[in-house]
Amino acid sequence: EDQVTQSPEALRLQEGESSSLNCSYTVSGLRGLFWYRQDPGKGPEFLFTLYSAGEEKEKERLKATLTKKESFLHITAPKPEDSATYLCAVRVGGGATNKLIFGTGTLLAVQP
Amino acid sequence: EAQVTQNPRYLITVTGKKLTVTCSQNMNHEYMSWYRQDPGLGLRQIYYSMNVEVTDKGDVPEGYKVSRKEKRNFPLILESPSPNQTSLYFCASSHGTGSSYNSPLHFGNGTRLTVT
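Keeping their order, the protein sequence lines are chains H and W.
When you line the first sequence up against the numbering used here, it's residues 1 to 112, in that order.
When you line the second sequence up against the numbering used here, it's residues 1 to 116, in that order.
If you are wondering where the hints come from, they were derived from the structure by calculation, not from laboratory data.
Glycine included, C-beta positions come from ideal geometry on N, C-alpha and C.
One thing to keep in mind: the hints can contain errors.
As the list claims (entries may be wrong) - Quick list of simulated restraints, FRET-style, between CB atoms:
1) H:K79 / W:R112: 37 to 43 Å
2) W:K69 / H:K79: 21 to 27 Å
3) W:K57 / H:E58: 21 to 27 Å
4) W:K57 / H:Q3: 30 to 36 Å
5) W:E53 / H:H74: 39 to 45 Å
6) W:P39 / H:E15: 25 to 31 Å
Claimed, not checked - If you want the footprint, here are the derived chain W segments under chain H, 3+ residues with CB under 8 Å:
7) 36-48
8) 62-74
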């Protein structure tokens, strides 16, 4: 069964304290791994897509990496405005559908 | 502004009273989908549509209906809501055909439904 697991469930950091969020997956035929950010009361907002092991993407203080079994979202010198829930999702299967399987997210709180 | 618009944002109803949650996108996306988000379960797909008049079941379709008569609209219909359908619902869209099928989903801001 295709599965996506995120850890930790929650993470509290001090401003400037770098850390990483983990997304591990067991799927039959990865067709892309996505990272989203979700703020309270809003829908998920797209951050990155990764397609193959070894690929990296960066945006401001965030960097996403991908291996054959997991992805990491590295947060460097976070600020309070980085506080949000970060969701990982994988696209699986064949055909032209865009179905994603989501993890349950990591709730990040960055304190000033 | 490119966006996915859902209405209403909040809805409280009683068991068995039919309701419709509307979803509209202005990005000319072919692919649209409905998800529900529950604590500890994450986002789960209810239904999706590859294009006008083409819909298919996701992982949790029981108790829901959808239609896609126009490209921009994808309403979610609960014919006889039950308390286990109390959840946060999200509509999403993307380019979804040919080489762009891996394009990211754009989400609406959600509809919080309570069924008593």
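Each hint tested on the structure:
1. H:K79 / W:R112: 37 to 43 Å: violated, 29 Å
2. W:K69 / H:K79: 21 to 27 Å: The hint (21 to 27 Å, Cβ to Cβ) is violated, given that K69 of chain W and K79 of chain H are roughly 45 Å apart.
3. W:K57 / H:E58: 21 to 27 Å: Once the Cβ atoms are compared, 37 Å apart, the range 21 to 27 Å for E58 of chain H and K57 of chain W is violated.
4. W:K57 / H:Q3: 30 to 36 Å: At 20 Å between Cβs, range violated.
5. W:E53 / H:H74: 39 to 45 Å: holds, 44 Å
6. W:P39 / H:E15: 25 to 31 Å: holds, 28 Å
7. 36-48: Contact hint for the segment 36-48 of chain W vs chain H: holds, 7 residues under 8 Å.
8. 62-74: violated (count 0)
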